[in-house]
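Residue numbers (the working numbering), protein chains in the order written: chain A, 1 to 232; chain B, 1001 to 1227.
Any given hint could be a false lead.
[To be verified] Quick list of in silico lysine-lysine cross-link-like pairs, BS3-like style, CA-CA up to 30 Å: (1) Lys146(A) - Lys1147(B); (2) Lys1063(B) - Lys141(A); (3) Lys152(A) - Lys59(A); (4) Lys1066(B) - Lys146(A); (5) Lys183(A) - Lys1147(B); (6) Lys148(A) - Lys1167(B); (7) Lys1066(B) - Lys152(A); (8) Lys1063(B) - Lys146(A); (9) Lys1147(B) - Lys1015(B); (10) Lys152(A) - Lys1147(B); (11) Lys1063(B) - Lys148(A); (12) Lys1114(B) - Lys119(A); (13) Lys1005(B) - Lys119(A); (14) Lys1015(B) - Lys17(A); (15) Lys1147(B) - Lys148(A); (16) Lys154(A) - Lys1010(B); (17) Lys1199(B) - Lys141(A); (18) Lys59(A) - Lys141(A); (19) Lys1114(B) - Lys24(A); (20) Lys152(A) - Lys1063(B); (21) Lys183(A) - Lys59(A); (22) Lys4(A) - Lys1015(B); (23) Lys119(A) - Lys1015(B); (24) Lys1038(B) - Lys141(A); (25) Lys119(A) - Lys154(A); (26) Lys1010(B) - Lys119(A); (27) Lys141(A) - Lys1167(B).
[Stated by the list, open to error] One side only, chain B facing chain A, incomplete, derived with CB under 8 Å: (28) His1083; (29) Ser1087; (30) Asn1132; (31) Leu1134; (32) Lys1199.
[As the list claims (entries may be wrong)] Computed, partial: chain A to chain B, Cβ under 7 Å: (33) Gly39; (34) Gly89; (35) Gly90; (36) Lys183.
Since the hints were derived computationally from the structure, they do not count as laboratory data.
Heads up, the beta-carbon is just placed ideally off N, CA and C, and yes, glycines get one too.
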Amino acid sequence: MKRKCETCRHTNCFINKFCSSEWKPLITFHKTTLNYDGGDVIFREGDNVEGIFQIYSGKIKVVANYQGVNERVVRLANSEQLLGHRGFGGQMIYPVTAIALESSQVTFIPVNTFYSAIKANPELAFNLMMFFADELKSSEKNIRTKNKMTAKEKVISAINTIIEAFGFDERDPQILSFTPSRKDIASIAGTTYETVIRVLSALEKSGCIVQEGKTLRILDWERLGLNDKGFC
Amino acid sequence: MNCTKCPNTKCFVQKYCLSEWHGYSEHHKIRKQISASKTIFSQGDLVTGLYIICSGKVKVLLKDAKGEELIIRVAGNGQVLGHRGISDDMVYPISAETLIESEIAYFSNEDFFKLLNANKDLSFYMMMFFANELHRSEQLRHAHWNKSSEAKVAVALLMVINAFGYKDDEQKVLDLGMNYRELSKFARISYPTLSRVLKDFAEQGIVRSINNELIISDIEALNSFVS
Chain A
1 MKRKCETCRH TNCFINKFCS SEWKPLITFH KTTLNYDGGD VIFREGDNVE
51 GIFQIYSGKI KVVANYQGVN ERVVRLANSE QLLGHRGFGG QMIYPVTAIA
101 LESSQVTFIP VNTFYSAIKA NPELAFNLMM FFADELKSSE KNIRTKNKMT
151 AKEKVISAIN TIIEAFGFDE RDPQILSFTP SRKDIASIAG TTYETVIRVL
201 SALEKSGCIV QEGKTLRILD WERLGLNDKG FC
Chain B
1001 MNCTKCPNTK CFVQKYCLSE WHGYSEHHKI RKQISASKTI FSQGDLVTGL
1051 YIICSGKVKV LLKDAKGEEL IIRVAGNGQV LGHRGISDDM VYPISAETLI
1101 ESEIAYFSNE DFFKLLNANK DLSFYMMMFF ANELHRSEQL RHAHWNKSSE
1151 AKVAVALLMV INAFGYKDDE QKVLDLGMNY RELSKFARIS YPTLSRVLKD
1201 FAEQGIVRSI NNELIISDIE ALNSFVS
């Protein structure tokens, strides 16, 4: 079933927020809705960019060097966010691969429709520009901070990234609403699987977190901060 | 240069603003003539607007955790400068320095946002510009991880082509705008390594070197190193 942009209640979605009401039915007309299971590839590094994705529901990881030696998770994306914007620019070829972490519903908007919407809705254009500017900044900030981090700091920073992306469970606010696999945590942190296991058990020993099977319980998020005094 | 009769066809204000707005940009910009190797703004300075290079060549520097200065971008004629400061925290994360004598126009954020609001082609261009910058910045980092000197040199050359273009479009004579020592800093490799890679590239027919000028014979081959 195709969802309608004009009646959608996702108020954080760029289309919903910044397109005029005349434009929403047009986007509804041109878009396609796609369903993915956990582990499915949405687009692959090297594929041609034919449009932009908007996440309706689910959780998605964006990976550079997928299944290669240097596999890195560059982003975790949640519902109401854009996906595939890294393909814009350059030669319109995806530099990254997107994989569903759980079953997800994703909207696809063809590139021509997307471009016309941007040109016709100045507010959309302006906010997309600011969005890309922020992405550029955080991407470059990452280079500078990751370089001087210890293994422990990298893992803590990865946990923070996961919390920022997906938040805590609604019923139990200490449990991460979604915990990626330990291998994925290693690719987010830019370290090895073994290091993640070692650091997580060290954090558990010092009473910062509890490992409950696959999921993590954060006992004190404040203390898990990256500043000097907040250190576990 | 006067925006209402500017000869620079590469300038994005010239290209993407309605001609009615060129008077506005002329009236609101602050013109600066800056000689070679001078600082335009420094890392940590407060951001109040952005710059456009009317003519000249500029390098953008980032001091990393170890205090080492890396060139992360070069920019030429008609390109935007200082856009890395545009998002929220309002302090430049980078410095900019002229490579040769340059004329620079400064716009306050407020004035520039007015231009964006009134000129939809400009907003669209700026969005694609940031998308491109994100792409290139990550490409550069990727090459850095891979640690292949060939990829590092290829990325650096592609960035120079993108910023400065060619002195001679037909012969593909690169408008390098800096010496090889600086290029090696940009590629983040040593000077001898750069010489070796350029020699390898020449043997593979990717570049040619004539009278100290660099000719790009096979741009596709350069692209294949970085993707």
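Tested hints:
1. Restraint check for Lys146(A) and Lys1147(B): the C-alpha separation of about 17 Å stays at or below 30 Å, so the hint holds.
2. Of the pairs offered as hints, the one joining Lys1063(B) and Lys141(A) holds, with about 12 Å between alpha carbons and a cut-off of 30 Å not exceeded.
3. Of the supplied pair hints, the one linking Lys152(A) and Lys59(A) holds, its CA atoms being roughly 26 Å apart against a limit of 30 Å.
4. For the suggested pair Lys1066(B) and Lys146(A), the alpha carbons sit about 12 Å apart, so the restraint of at most 30 Å is met.
5. Between the alpha carbons of Lys183(A) and Lys1147(B) the distance comes to roughly 23 Å, so the proposed pair stays at or under 30 Å and holds.
6. Taking the CA atoms of Lys148(A) and Lys1167(B), the gap is about 40 Å. The hint is violated against a cut of 30 Å.
7. A hinted pair counts as satisfied when its Cα atoms are at most 30 Å apart, and Lys1066(B) with Lys152(A) qualifies at roughly 20 Å.
8. With a CA separation close to 14 Å, the supplied pair Lys1063(B) and Lys146(A) stays within the 30 Å bound.
9. For a cut-off of 30 Å, the pair hint linking Lys1147(B) to Lys1015(B) is broken: about 39 Å separates their Cα positions.
10. Restraint check for Lys152(A) and Lys1147(B): satisfied, since their Cα atoms lie roughly 25 Å apart, inside the 30 Å limit.
11. Under the criterion of a C-alpha separation no larger than 30 Å, the hint pairing Lys1063(B) with Lys148(A) is consistent with the structure, at around 13 Å.
12. As the CA atoms of Lys1114(B) and Lys119(A) are separated by approximately 16 Å, the hinted pair is consistent with the 30 Å bound.
13. Taking the CA atoms of Lys1005(B) and Lys119(A), the gap is near 26 Å; set against the 30 Å cutoff, the hint holds.
14. Of the supplied pair hints, the one linking Lys1015(B) and Lys17(A) holds, its CA atoms being roughly 29 Å apart against a limit of 30 Å.
15. Proposed proximity of Lys1147(B) and Lys148(A) is supported: the alpha carbons are some 18 Å apart, at most 30 Å.
16. With a C-alpha separation of about 43 Å, the suggested pair Lys154(A) and Lys1010(B) falls outside the 30 Å cut-off, and the hint is violated.
17. Restraint check for Lys1199(B) and Lys141(A): not satisfied, since their Cα atoms lie roughly 35 Å apart, outside the 30 Å limit.
18. In summary, the hint linking Lys59(A) to Lys141(A) is supported, as the alpha carbons are separated by about 24 Å, within the 30 Å threshold.
19. With a C-alpha separation of about 26 Å, the suggested pairing of Lys1114(B) with Lys24(A) holds against the 30 Å cut-off.
20. A distance of roughly 24 Å separates the Cα atoms of Lys152(A) and Lys1063(B); the hinted pair therefore holds under the 30 Å criterion.
21. A distance of roughly 17 Å separates the Cα atoms of Lys183(A) and Lys59(A); the hinted pair therefore holds under the 30 Å criterion.
22. Distance check on the hinted pair: Lys4(A) and Lys1015(B) sit about 37 Å apart at the alpha-carbon level, beyond 30 Å; violated.
23. For the hint linking Lys119(A) to Lys1015(B), the alpha-carbon distance of about 16 Å falls within 30 Å, and the restraint holds.
24. With a C-alpha separation of about 25 Å, the suggested pairing of Lys1038(B) with Lys141(A) holds against the 30 Å cut-off.
25. For a cut-off of 30 Å, the pair hint linking Lys119(A) to Lys154(A) is broken: about 41 Å separates their Cα positions.
26. In summary, the hint linking Lys1010(B) to Lys119(A) is supported, as the alpha carbons are separated by about 21 Å, within the 30 Å threshold.
27. Of the supplied pair hints, the one linking Lys141(A) and Lys1167(B) is violated, its CA atoms being roughly 34 Å apart against a limit of 30 Å.
28. The beta carbon of His1083(B) comes within 7 Å of a beta carbon in chain A, closer than 8 Å, and the hint placing it at the interface holds.
29. A distance limit of 8 Å between C-beta atoms decides the matter here; for Ser1087(B) the minimum to chain A is near 4 Å, and the interface restraint holds.
30. The restraint placing Asn1132(B) at the interface with chain A holds, with a minimum CB-CB distance near 4 Å, inside the 8 Å limit.
31. For the restraint placing Leu1134(B) at the interface with chain A, the shortest Cβ-Cβ distance is roughly 5 Å, inside the 8 Å limit, so the hint holds.
32. At about 28 Å, the closest approach between the beta carbon of Lys1199(B) and any beta carbon in chain A exceeds 8 Å, and the interface hint on this residue is violated.
33. Violation of the interface hint for Gly39(A) is found here, the shortest Cβ-Cβ separation to chain B being roughly 25 Å, above the 7 Å cut-off.
34. Restraint check, Gly89(A) versus chain B: the minimum CB separation of about 4 Å is within 7 Å; hint holds.
35. Annotation: interface hint on Gly90(A) holds; nearest CB of chain B at approximately 4 Å, less than 7 Å.
36. Restraint check, Lys183(A) versus chain B: the minimum CB separation of about 18 Å is more than 7 Å; hint violated.
Checked against the numbered hints above, the structure violates hints 6, 9, 16, 17, 22, 25, 27, 32, 33 and 36; every other hint is satisfied.
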